[in-house]
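Fit chain A to the supplied structure of chain P, relying on the hints for placement.
Chain residues, written in single-letter form:
There are 2 protein chains.
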Amino acid sequence: MSDIVLHNYFRSSTSHRVRIALEMKGVGYHYIPHHLRHGEHLEAAYLAVNPQGLVPALIWSDGMLLTQSLAIIEFLDETIPEPPLLPKDPPSRARVRMLAQMIACDIHPVNNLRVLASLRTLFGAGDQDVANWFRHWVNEGFGPLEKLLTASPETGTFCHGEAAGLADICLAAQVTSNARFGVDMTPYPTIARINAACVALPAFQKAAPQNQIDAE
Amino acid sequence: MSDIVLHNYFRSSTSHRVRIALEMKGVGYHYIPHHLRHGEHLEAAYLAVNPQGLVPALIWSDGMLLTQSLAIIEFLDETIPEPPLLPKDPPSRARVRMLAQMIACDIHPVNNLRVLASLRTLFGAGDQDVANWFRHWVNEGFGPLEKLLTASPETGTFCHGEAAGLADICLAAQVTSNARFGVDMTPYPTIARINAACVALPAFQKAAPQNQIDAE
Chain P
2 MSDIVLHNYF RSSTSHRVRI ALEMKGVGYH YIPHHLRHGE HLEAAYLAVN
52 PQGLVPALIW SDGMLLTQSL AIIEFLDETI PEPPLLPKDP PSRARVRMLA
102 QMIACDIHPV NNLRVLASLR TLFGAGDQDV ANWFRHWVNE GFGPLEKLLT
152 ASPETGTFCH GEAAGLADIC LAAQVTSNAR FGVDMTPYPT IARINAACVA
202 LPAFQKAAPQ NQIDAE
Chain A
2 MSDIVLHNYF RSSTSHRVRI ALEMKGVGYH YIPHHLRHGE HLEAAYLAVN
52 PQGLVPALIW SDGMLLTQSL AIIEFLDETI PEPPLLPKDP PSRARVRMLA
102 QMIACDIHPV NNLRVLASLR TLFGAGDQDV ANWFRHWVNE GFGPLEKLLT
152 ASPETGTFCH GEAAGLADIC LAAQVTSNAR FGVDMTPYPT IARINAACVA
202 LPAFQKAAPQ NQIDAE
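Chains as they are written, first to last, in the working numbering: chain P, 2 to 217; chain A, 2 to 217.
Same shape as in the complex, but just chain P (with noise of 0.2 Å):
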């Protein structure tokens, strides 16, 4: 068995994304679960691990710590080249960046576990309240990405020509996240087009929520 450790939680998106990267590149690792709804990710033995005390951290086979999920799926991408989860040429690379973080800076860090928590401690937020915040930040960045998915002719089977990569690994875990919130995919059908691609690839599959130890 590989000696990579992935601390993980099976819900959190952004843990996720890089259980999809690694199973597309292949790399065994042990999967180390912090239920983030128990605290777990805030014990000390954690913290120790991992000072933010946020999912994913990935220790790399020297003992690296790496967080972040987009630092570690680029990481990777560096490290074992196959198969390719970037473009080659700049301004292609440049837009997969955009299209990630169209959804890993401007949708996903707003609709966290740890800040809709918050809107329910600081400013009484229901269940309501919180779902419909999840609704909105989404809709505010799928409506242009839409469009932007839409008018590209680099646009093919994925968010970029026929391959999945960086944007269809952010794409396909903020999706399943919506589908806890009610999220209407009517005005999104290439976002839900390129979706059911990536959910019908066996690493997708194998890094799904519902497939982990932990899931419930």
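A couple of the hints might just be wrong.
Any copy will do: because identical chains look the same in the list, a pair fits if it lies in one copy or spans two.
As the list claims (entries may be wrong) - No more than 20 Å apart at the CA atoms, straight line, and that leaves these computed lysine to aspartate or glutamate pairs for DMTMM-like:
hint : residue 1 : residue 2
1    : Lys89     : Asp63
2    : Lys148    : Glu163
3    : Lys207    : Glu217
4    : Lys89     : Glu163
In short, the hints are calculated from the structure, not lab data.
This is chain A only, laid out in the frame that chain P set:
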């Protein structure tokens, strides 16, 4: 004059990052201000350029639209190699991207203008609530960032060694934003020291919010 265009707002932290990178790389550009508080970024003419209606958006010399500050900065680094904004070896690149994304994915998105405005309209948050929210997420991120920077022998005058790069750009732009919300920097001596080294550099000075044509 260059035919590169940067759609921009002097006070936007993500715009600030891209301006620093452009100055470091010596790229001239037309500065087109969009006053976010007046909603100028949501006008039809700008939405036709950038469907996301956010700044920054870079129009490259060939007309290509690029958004997302980290994607833009990596593009600049791949097309204009000197001075490098990322190290050469994958583990170091991963470390710099991780440090950058701890700010760009975990602090800034939760604290940007549109999120703060939503706290006011949806939950009736007042000035003090908004300032507390801002400071909370900065402290959540800067605590572990300070620990990681202080613990690593790879930290030098800057986040990674003796030259400013991607992580320093994010760090300096965040520290600038912090000042508007009265974040106490006392617990973060390493971050403060790195920021001081950054703002002593001409590129960081030229890119500073107060030195832009739309500064108030």
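- prompt: Which numbered hints turn out to be false for this structure?
  reply: Hint check: nothing fails, all pass.
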